[in-house]
Amino acid sequence: MAVITMREALNQALREELTRDENVFLMGEEVAAYQGAYKVTKGLLEEFGDKRVIDTPITELGFAGLGVGAAMVGLRPVIEFMTFNFSILATDQIINSAAKMRYMSGGQFKIPIVFRGPGGSAYQVSSQHSQALESWYAYFPGVKVVMPSTPADAKGLLKTAIRDDNPVVFIEQERMYGNKGEVPDTEDFTIPLGVADIKREGSDVTIVARSLMVPVALKAAEEMEKQGVSCEVIDPRTIRPLDIETIIKSVQKTNRVVVAEESHPFCGVGAEISAEITERAFDYLDAPVRRVSGADVPMPYAKNLEKLAIPDVQQIVAAVREVAYLD
Amino acid sequence: MATQVVMPKLSPTMEEGQLSRWLKKEGDQVSVGEPIAEVDTDKATMEMQALSSGVLRKILIQEGESAPLGQIIAIIGDAEEDISALVGKAGSPQEAAKTKERIESSVEAGQDGAQAEMAGVVAEGARTQATIQGEPIKGDTGAQASQGQQQPTAQGGPTTASAGGNGSGTAESAQGDGGRLIVSPIAARMAAEAGINLRSLSGSGPGGRIIKRDIEAAINSGKQAAAEQEAAPAAAAATAPPQRHLRAVETGAQPAGLPSMEGPAPYRDEPTSVMRQTIARRLVTSIGPVPHFFLTTEIEMDKAAEIRRSINEIDPELKVSINDLIIKVAAVSLIQHPQVNASFQDKAVRYYERADIGVAVAIEDGLITPVIRGAERKSLGEIAAEVRELAERARSRKLMPDEYTGATFSISNLGMMGIDEFTAVINPPEAAILAVGSMTPKAVVRNGEVVVRQIMRVTMSCDHRVIDGATGARFLQTFKKILENPLLLMA
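From first to last, the protein sequence lines are chains V and R. Using the working numbering, the first residue of the first sequence is number 1, and each one after it goes up by one. Using the working numbering, the first residue of the second sequence is number 1001, and each one after it goes up by one.
A couple of the hints might just be wrong.
Stated by the list, open to error - Computed Cβ-Cβ distance ranges for the label pairs, DEER-style:
1. R:A1085 with V:Y103: 40 to 48 Å
2. R:D1468 with V:E223: 25 to 33 Å
3. V:T278 with R:G1195: 22 to 30 Å
Said to hold, decoys possible - Partner residues aside, some chain R positions facing chain V, computed with beta carbon under 10 Å:
4. P1185
5. A1188
6. K1319
7. I1363
Stated by the list, open to error - Partial list, derived from the structure: chain V residues whose beta carbon lies under 10 Å from chain R:
8. Y103
9. P288
10. D327
It should be emphasised that the hints constitute simulated quantities derived from the structure, not laboratory data. Since the model is a prediction, treat every value here as computed from it, not as a measurement. Ideal Cβ placement from N, Cα and C applies to all residues, glycine included.
With the hints as constraints, model all of the structure from the sequences given.
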């Protein structure tokens, strides 16, 4: 298996899907001539031409709407937001148009569109550019939400997302674009949506983590191993549809859960997972479900404060110790 | 309109009742006068009857749990009506105290407590149901009823009122005896499946929360105890252990096989019944803190003396004394009467599964009781050698603490000092001590003839919290029978 970066894995997925299906096209700010703000679309303009890889003005609502229209007439647009913070401007198209059209047309229109780009915190880009918005999109029926944590997952999931006939919000993480990992060489490697992945097996505490928090949770699990606590790390990979069964099975085994997330705690995806666990596996819990979330404040600009606002290994370790009654 | 069912006063000295069995379950129709539960009072198991008709909406204490007089234990109402206010009140200790006061005062005034209770509460504007005193069902403590009827789920404990009730009342009674149990859901579930009484555990989680590892520990110790029971049927056969011990948790359990001869004697704790607690409480107020009583019997020692003489004639090295024989016979009798090989532990009576005999040895300025562990399984020669060796070191004050503590029964012998008969003081927490007098030839009547026999008088002091007169007497009968016919040691 080749070891490549997540950036390269995403690039491969786009290239393979552009090659496979002539209806697929890319659109967004700086995706073509500049080869992507984070170089995810590197080489694609040259290879597929400017009908397939299209630069837009800074008009998120506009090009998101173009994408929804294109999807309605049978194309498969992949819309890149330079960051998901800018998708806030396009929410009317994503939520009111993309998410609703299939339902409101009585199934006459399929909307095979992918909105992708980095979400969550980056490096000192302050409050307006460090937001984790997955709970916004996951809230609405009609949109699928995907958040990969490894290069392999990124590639396999993006290819599946592009082939899906429904709108998919595909949230990457800027801090993870350079993360390397093995990606299977198998031809046409895909991963189904809605299937969680057990990143590490364990028996005492379940840590549910997504995106940036997966590597952090794995480090915390290593640390806990030294302290004699075996942690199972589950990455849902798809936030909606959520593979709650895999999580519940794990909780039935371990009886203790920590949900780690980069986003704010209030009304977050962690709150949803926690509620699902309480509803479905209450009788298996030995401790309250414990969330470890980003600080409930706008992201600070100052580097030291930014560090404090994002969950780290120690915070997860502390939470695991708490649910395992070690303190 | 919904009515509350409160713990009724079913006997003159009753302070609290243990619910041994619900005869109705939540959702069942009940009508006035119909029995709804059996309550284990300090005297007997009584049937409790409904004072109003309707649907048994909510059961607030589970089988095996106790509630003080006046505590709301269930609610009867219409199928649809909102009972959250009443459920909320159930958790309040003040409510229970008020109701109890009313019941007490009406009983003193010679009224039927239940009816007066009705009247009093109706006057207050909120009908509370008390119950009519029923006929005793049986005189024991209802152990059978609670065994095999473990509540299916233990969640919520006796007062599930916290959600709807007022916050202040529930917070303070968050844990502790009689208060709301805090149990993690998986722990509650495991306990229910394993038939473990959560009230007998103390939680190791925050605020005393009972968590998974507490149940695992209880299950493990239970398994060990069970293995021990199976492996040692001889000990168990003498007296079928009360079934209730199955859910007793704290045991000084040993791995399978016969109890080891090392360390303190293995034991099992059985929760004390309400009756046993009442006996303990009342008797201590009379003679305290250990309420003694005394049983004396005369034992014909001719055969014992003969056996001892023969043994020592065959092997003079053994140097068996009459006292060694007494130790052995006492130990064997204790295994046949485990009720005497016990100690009072406040909330439980602890039954030892090995007879560890303390032998009082006079030393300069005092006395000390070296312990012969597992004497029922030692030969007379072994006992003799061990007593000699321990007594010698006792006199030179070289005993280790574990050699003179932790006996399950003691023997004090002043016969060699020419004392005919005396009473000894119990060495707590043991439940009994045997005072042995001198063996002297006396004229006695046998088959209508006056003959001379070697007579020894023994007096057993008993802790009345554990041993009742008849229990102690039966032990002494066995002791006397074996000592008068030492060949029975072989039987």
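Against the structure, the hints come out as follows:
1. R:A1085 with V:Y103: 40 to 48 Å: Holds: the Cβ-Cβ distance is about 44 Å, inside 40 to 48 Å.
2. R:D1468 with V:E223: 25 to 33 Å: 60 Å, violated
3. V:T278 with R:G1195: 22 to 30 Å: At 26 Å between Cβs, range holds.
4. P1185: This hint holds: P1185 of chain R lies near chain V, its Cβ roughly 5 Å from the closest one there, short of 10 Å.
5. A1188: 8 Å, holds
6. K1319: 56 Å, violated
7. I1363: 49 Å, violated
8. Y103: Hint on Y103 of chain V: violated, closest Cβ of chain R at ~38 Å, above 10 Å.
9. P288: Where the cut-off is 10 Å and the nearest Cβ of chain R is about 9 Å from P288 of chain V, the hint holds.
10. D327: 9 Å, holds
Violation of the numbered hints given earlier is confined to hints 2, 6, 7, 8; the remaining hints are satisfied by the structure.
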